[in-house]
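There are 2 protein chains.
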Amino acid sequence: MFRSRLDQVASQVQAHLDMVMAPLEGPVAPAMRYTCQGGKRLRGFLVLESARLHDVDPAHAIWPAAAIEMIHAYSLVHDDLPCMDDDDLRRGRPTVHVKWDEGTAVLTGDALQTLAFECLARPECHPDPAVRADLVLTMAQAAGAQGMVLGQALDIAAESSQTPLGLDEIITLQDGKTGALIRWAAMAGPLMARDDPTPLRHYAQALGLAFQIADDILDVTGNEDAAGKRLNKDAEAGKATFVSHLGLDGAKARASDLVEEAVSALQPYGPGADNLRDAARFVISRDS
Amino acid sequence: MFRSRLDQVASQVQAHLDMVMAPLEGPVAPAMRYTCQGGKRLRGFLVLESARLHDVDPAHAIWPAAAIEMIHAYSLVHDDLPCMDDDDLRRGRPTVHVKWDEGTAVLTGDALQTLAFECLARPECHPDPAVRADLVLTMAQAAGAQGMVLGQALDIAAESSQTPLGLDEIITLQDGKTGALIRWAAMAGPLMARDDPTPLRHYAQALGLAFQIADDILDVTGNEDAAGKRLNKDAEAGKATFVSHLGLDGAKARASDLVEEAVSALQPYGPGADNLRDAARFVISRDS
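Which chain is which? The protein sequence lines are E and W, in order.
Here this note's numbering runs 1466 ahead of the position in the first sequence, where the first position is 1.
Here this note's numbering runs 1466 ahead of the position in the second sequence, where the first position is 1.
Just chain E, same shape as in the assembly:
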């Protein structure tokens, strides 16, 4: 039931991404389209569901849904580069620098980031320019040097450090690397409706952390074919993770508690938020 709703959203987001990128020409356009294929579209799902809860026109909400998936895709392309995580496989296919080359991968990520901001600023995204400017501002804060890029940079710094990170440091790192975009996605609905984003911020805060703990668990227990990427990297690199700190059972228990916390935060929305409750349960049960 939830999985089919997620697949349905994934198709809508994909169609919109294809439409936005159709007019693009030049050597980087094919790699941009390639990068934006596949994936769970969890972030796009959060945008569309939070928008639905706040009665935002889906024809508007699809723009920030596409934009957040572009930001996510850009971060993956750059993160997969040899000078970063050096990954050959992503979503079951060769990464961009493998299929094309490193220069193309850098430019593809650059152009996807730019296009994400273009989507938010386009008049079709929302009739109120104040909403569009706010979407840009909050997205920039979530994705930038104090958000996602900070998390990435802390992650890279940790890899070359002699002392493994403590649990609090991992939480800070992940709050930037994954948490900031997930939070933005879940708050996009109230932001577009100019409503109070507090309940969804609490929901997304717990969800983002549960998501990352589940990622660490998946890295240890997962199946590479299902995941579509290389696994067991953290243990091989001797990297501190939620699992190395809490143990496998401890990590699973913490993730479950966070899901309960996320579900409780949705209380003001009543049964209308059941899709988001299912999404929270999904993030700790997924195999990819």
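Hints are computed from structural coordinates only; laboratory data are not their basis.
Hints may contain errors.
Since the list gives no way to pick one copy over another, a pair counts as held whenever it fits inside one copy or between any two copies.
As a list, the in silico DSBU-like pairs of lysine-lysine whose alpha-carbon atoms are at most 30 Å apart [stated by the list, open to error]:
id : residue 1 : residue 2
1  : LYS1699   : LYS1506
2  : LYS1565   : LYS1705
3  : LYS1565   : LYS1718
4  : LYS1718   : LYS1705
Knowing the structure of chain E, use the given hints to seat chain W on it.
Only chain W this time, still in chain E's reference frame:
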């Protein structure tokens, strides 16, 4: 006289960049500040002068001036990477991937692009959110896959191609790589004042091309110490340039004609636009 006005603007833009980046923390922040030091600030100058001609409050105009310099700086950091132009020297100092490492250089460029859009979307940039959304939209169009990134990608593709580019192809390439940002900078004033940008678009169109021809001339005739970067690269790489197509004298003549064209386009502004006229003459007489 013009040089001192340009230096004055450079100080203002630098102070604003420093102010915006002062609160940033984490491993990438020092490299972001480093990247945003120095440079002629021609793009920031064009923003502030075009804003002055359209009676835009300089306290507002300094935001897009800083933003365009951040976009320019991000493009240089990524362009200098080993997988792109592989340059060790920029503005007379080691490039970011040399002073830090490649991963830091990728993230520094990424975060500077994000911060540029944040600057345009911040309420301090302009009281009218429609203007802020427009600045974001037009900047994204200028910097993205159909603007600056397209130019960069065509440039990289040309390097690995067997057939040298024709003159028209070089013009298309440069229109993206340098022209799009210069055009945006010169049009930022009318854009913020909601005035007709046509005369400044014509000015910037000619100016951008003159700028690039001058760059090609400088690559052949320039002094590396004054330029603060490696020169004579294009000839060594057997790359087609304005100089290889037109000859040195032909290129100089074409650049002069374009400067005259740029100066003529400013006619509606009368003597108030003398700084912009001087800027046009400056771009073909500079040594860096």
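Now the hints, each set against the structure:
no. : hint                 : in the structure
1   : LYS1699 with LYS1506 : within (21 Å within a copy, 45 Å between copies)
2   : LYS1565 with LYS1705 : both (28 Å within a copy, 26 Å between copies)
3   : LYS1565 with LYS1718 : neither (36 Å within a copy, 42 Å between copies)
4   : LYS1718 with LYS1705 : within (18 Å within a copy, 58 Å between copies)
Against the hints set out earlier in the document, a violation occurs for number 3 only.
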